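These protein sequence lines are chains A and B, in that order. Remember, our numbering sits 78 above the position in the first sequence when you count from 1. Remember, our numbering sits 375 above the position in the second sequence when you count from 1.
Hints should not be assumed to be uniformly reliable.
[As the list claims (entries may be wrong)] Listed below are several chain B residues computed to face chain A (Cβ distance under 7 Å; list not exhaustive): (1) Ala409; (2) Asn499; (3) Ser500; (4) Phe564; (5) Asn568; (6) Arg574; (7) Gln577; (8) Asp578; (9) Lys582; (10) Gln606; (11) Gly608.
I should point out that these hints are in silico values taken from the structure, not numbers from a laboratory. Every value quoted in this text rests on a predicted model; they were computed, and no experiment measured them. Cβ coordinates follow ideal geometry from the N, Cα and C atoms, glycine included.
What follows is each chain in one-letter form.
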Amino acid sequence: MSDSVKSEAGSGFLKNIDLRVMAPFLALALLLVLGTFSNPNFLTVNNLMNVATRSAFIAIIAVGATFVISAGGLDLSVGAMVAFVASLMIMFINAAAIANPYLLLVAAMILAILIGMACGLLNGVITTVGRIEPFIVTLGTMGIYRGLTTWLSQGGAITVRDFEVQQIYRPAYFGTVLGVPVPVIAIIATALIGAFVLYRTRYGRHVIAVGSNEEVARYSGISVRNVRIITYLIQGLCVAVAVLFYVPRLGSTSATTGMLWELQAITAVVVGGTALRGGVGRIWGTICGAFILEIVGNIMLLSNFISEYLIAAIQGAIIIIAMLVQRSLLRRQ
Amino acid sequence: MKNLVMGATLLAATSLAGVTQAQALTVGVSIPAADHGWTAGIVYHAERVAEKLMEEYDDLNVIVKTSPDPASQANAVQDLAVQGIDALVILPTDPDPLVNAIMQVKMEGTFVTLVDRAPSNNDNSVRDLYVAGNNPALGAVAGEYIAETTPDAKVVVIRGLPIPIDQQRQDGFDAALEGTNVDVMEKQFGNWNRDDAFRVTQDFLTKYPQIDVIWAQDDDMVVGVLQAIQQAGRDDIQYVIGGAGSKDMIKKVMDGDPMIPVDVLYPPAMIGTAMELTVAGMMDQVPVAGSYILDATLVTPENAENYYFPDSPY
Numbered sequence: 079m080s081d082s083v084k085s086e087a088g089s090g091f092l093k094n095i096d097l098r099v100m101a102p103f104l105a106l107a108l109l110l111v112l113g114t115f116s117n118p119n120f121l122t123v124n125n126l127m128n129v130a131t132r133s134a135f136i137a138i139i140a141v142g143a144t145f146v147i148s149a150g151g152l153d154l155s156v157g158a159m160v161a162f163v164a165s166l167m168i169m170f171i172n173a174a175a176i177a178n179p180y181l182l183l184v185a186a187m188i189l190a191i192l193i194g195m196a197c198g199l200l201n202g203v204i205t206t207v208g209r210i211e212p213f214i215v216t217l218g219t220m221g222i223y224r225g226l227t228t229w230l231s232q233g234g235a236i237t238v239r240d241f242e243v244q245q246i247y248r249p250a251y252f253g254t255v256l257g258v259p260v261p262v263i264a265i266i267a268t269a270l271i272g273a274f275v276l277y278r279t280r281y282g283r284h285v286i287a288v289g290s291n292e293e294v295a296r297y298s299g300i301s302v303r304n305v306r307i308i309t310y311l312i313q314g315l316c317v318a319v320a321v322l323f324y325v326p327r328l329g330s331t332s333a334t335t336g337m338l339w340e341l342q343a344i345t346a347v348v349v350g351g352t353a354l355r356g357g358v359g360r361i362w363g364t365i366c367g368a369f370i371l372e373i374v375g376n377i378m379l380l381s382n383f384i385s386e387y388l389i390a391a392i393q394g395a396i397i398i399i400a401m402l403v404q405r406s407l408l409r410r411q
Numbered sequence: 376m377k378n379l380v381m382g383a384t385l386l387a388a389t390s391l392a393g394v395t396q397a398q399a400l401t402v403g404v405s406i407p408a409a410d411h412g413w414t415a416g417i418v419y420h421a422e423r424v425a426e427k428l429m430e431e432y433d434d435l436n437v438i439v440k441t442s443p444d445p446a447s448q449a450n451a452v453q454d455l456a457v458q459g460i461d462a463l464v465i466l467p468t469d470p471d472p473l474v475n476a477i478m479q480v481k482m483e484g485t486f487v488t489l490v491d492r493a494p495s496n497n498d499n500s501v502r503d504l505y506v507a508g509n510n511p512a513l514g515a516v517a518g519e520y521i522a523e524t525t526p527d528a529k530v531v532v533i534r535g536l537p538i539p540i541d542q543q544r545q546d547g548f549d550a551a552l553e554g555t556n557v558d559v560m561e562k563q564f565g566n567w568n569r570d571d572a573f574r575v576t577q578d579f580l581t582k583y584p585q586i587d588v589i590w591a592q593d594d595d596m597v598v599g600v601l602q603a604i605q606q607a608g609r610d611d612i613q614y615v616i617g618g619a620g621s622k623d624m625i626k627k628v629m630d631g632d633p634m635i636p637v638d639v640l641y642p643p644a645m646i647g648t649a650m651e652l653t654v655a656g657m658m659d660q661v662p663v664a665g666s667y668i669l670d671a672t673l674v675t676p677e678n679a680e681n682y683y684f685p686d687s688p689y
């Protein structure tokens, strides 16, 4: 009733805006206002670029998670996968099988992408062919990828040894193009491709169909299994892309690399408006969710009135409040 | 009659002891599996010292076992006891759940050396020898160095995780700076993690236009701190102090890196100290029972070489 009244009364402009899609962006705007009050340095280009750059890993991984979750799956192994892929990539660089450092880096990047996709494929195949709950499968592979990383590093750190290679690779995280940090460009590119695939291709529509109702999708002739496997493959690809920007930052991995990133990625996806039960996927909302997570931490640190012991509690509260604001906006709509 | 029986038992016991003395002595070493840098160092040094000791003493056998969690470590301790050991050197993953397993071994007459992590009842009913680093001193040494080198420094602190060890280090640091002109502007948790330390440092640099010194408490976190400083292109930070003694940071001290002038030891090599003392007690009949607390030594370019292990994973 209220819906129809509103759409009749609303102008053409308002009619085109879906509040559900806008909600995470409103929450982000609210946080920006809050941040401005907390510290005069918050609203500087430098700080906001720092935050956007830092969110790149979670944002890129979360684009993949949007596919997995929209199709009704779940991937808990992404954090461990980051550590695993990054470790293998650094070990390949250290082995220095190719003398030319540029070629070596290109080969290492291609290798990382392939390993990431293989890891994702493994998750997908075990989940679908083995018919096991994705929660359990990816919990298992999380342990496997994490354990293998710890074994490869013997519990210590794996570091890029060649200083020259590290200097060549460094701009991939720290460099800028026309004043925009490279990782931010990577976020936008990943999201554009992700949005295109999810909204504009037949495969994207199949993902949503499988997520909203598996049985109906099956009877409509969609290969549920293949659609699901490919979502995990996309997730692995996104993890590998994130690794490409992670390695140049510190040039090393350790047993704690990527710890709990899976939860951050899932939170970003859900805060962004994707339904955890599947059937709804919002790429740009996910990117916004990743920004929100990083900005909450940034505001906490920049503000002067919060004890360091309370940060986790306040972060949790802000995320819940952001979700409540979203819901109340929906109801009004 | 009673006396006689007791005398006989005593005699039997002595002769038995004599028999074992003639045979090889066995030392069991139970340590956590390498799940982060510091424990990886523990495993490395335990294996290194075990080899050395066995070379030194012909009739000595050292068995090193690693366990990922308290439950499997309790099993490992039992397995060692069944194999027959004369001494147990143990660095518990978590001391309190392991107290019973350790006491059981000790009641059989095995010499027990406890390393680093103490249970709440850390007395001679649980262990004969206790070897540990000095957490309050780790903070105090860093604090004293800052107060001495840069008396008016503006300092930010990156802590570990909110657990007792971290609090002890922080308390030692605060106590050392009491009454000095050093201004500790803020403390935040970096979770002993490089990426978190990077993030926290970036935000500190945004928040404060002038920072003289960063105390990061742990060498792993210093890696992230240095990257964040380099990225920001800031030259107001005079130096960073870490802690523990990873090979990368010790190397920087050795090379005279101006950003890392010193490091504070909380060395994983302490497992070796414990093993050496235990064996000395058994082999050379010197008294070793008691507590042996290592200093949190300040590593400077002059002494850094003594603490540099290029082959260690940490």
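* Regarding the hint that Gln606 (chain B) lies at the interface with chain A, is the smallest CB-CB distance below 7 Å? -> 5 Å, holds
* Classify the hint on Phe564 (chain B) as holds or violated, based on whether any CB of chain A lies nearer than 7 Å to its CB. => 6 Å, holds
* Asked: Would the hint on Lys582 (chain B) stand, with a C-beta cut-off of 7 Å toward chain A?
  -> At about 5 Å, which falls below the 7 Å cut-off, the nearest Cβ of chain A leaves the hint on Lys582 (chain B) intact, so it holds.
* Could you check if Gln577 (chain B) really has its C-beta closer than 7 Å to a C-beta on chain A? => Because about 5 Å separates Gln577 (chain B) from the closest Cβ in chain A, which is inside the 7 Å limit, the hint holds.
* To do: For the hint on Asn499 (chain B), just tell me whether its beta-carbon gets within less than 7 Å of chain A.
  => Since chain A brings no Cβ nearer than about 32 Å to Asn499 (chain B), farther than 7 Å, the hint is violated.
* Supplied contact hint for Asn568 (chain B), tested at 7 Å Cβ to chain A -> The hint holds - Asn568 (chain B) has a Cβ within 7 Å of chain A, the shortest such distance being about 5 Å.
* Asked: Against chain A, with CB atoms and a cut of 7 Å, does the hint on Asp578 (chain B) hold up?
  -> 4 Å, holds
* Do the numbers back the hint for Arg574 (chain B), that is, is its least Cβ distance to chain A under 7 Å? -> 6 Å, holds
* Going by Cβ atoms only, is Ser500 (chain B) closer than 7 Å to chain A? -> Interface hint status for Ser500 (chain B): violated (32 Å vs cutoff 7 Å).
* Does Gly608 (chain B) pass the interface check with chain A, least Cβ-Cβ distance below 7 Å? -> 10 Å, violated
* Ala409 (chain B) as an interface hint toward chain A, with CB separation required under 7 Å -> Holds, because the Cβ-Cβ distance from Ala409 (chain B) to chain A comes to roughly 3 Å (cut-off 7 Å).
Hints 2, 3 and 11 from the earlier list are contradicted by this structure; the remaining hints agree with it.
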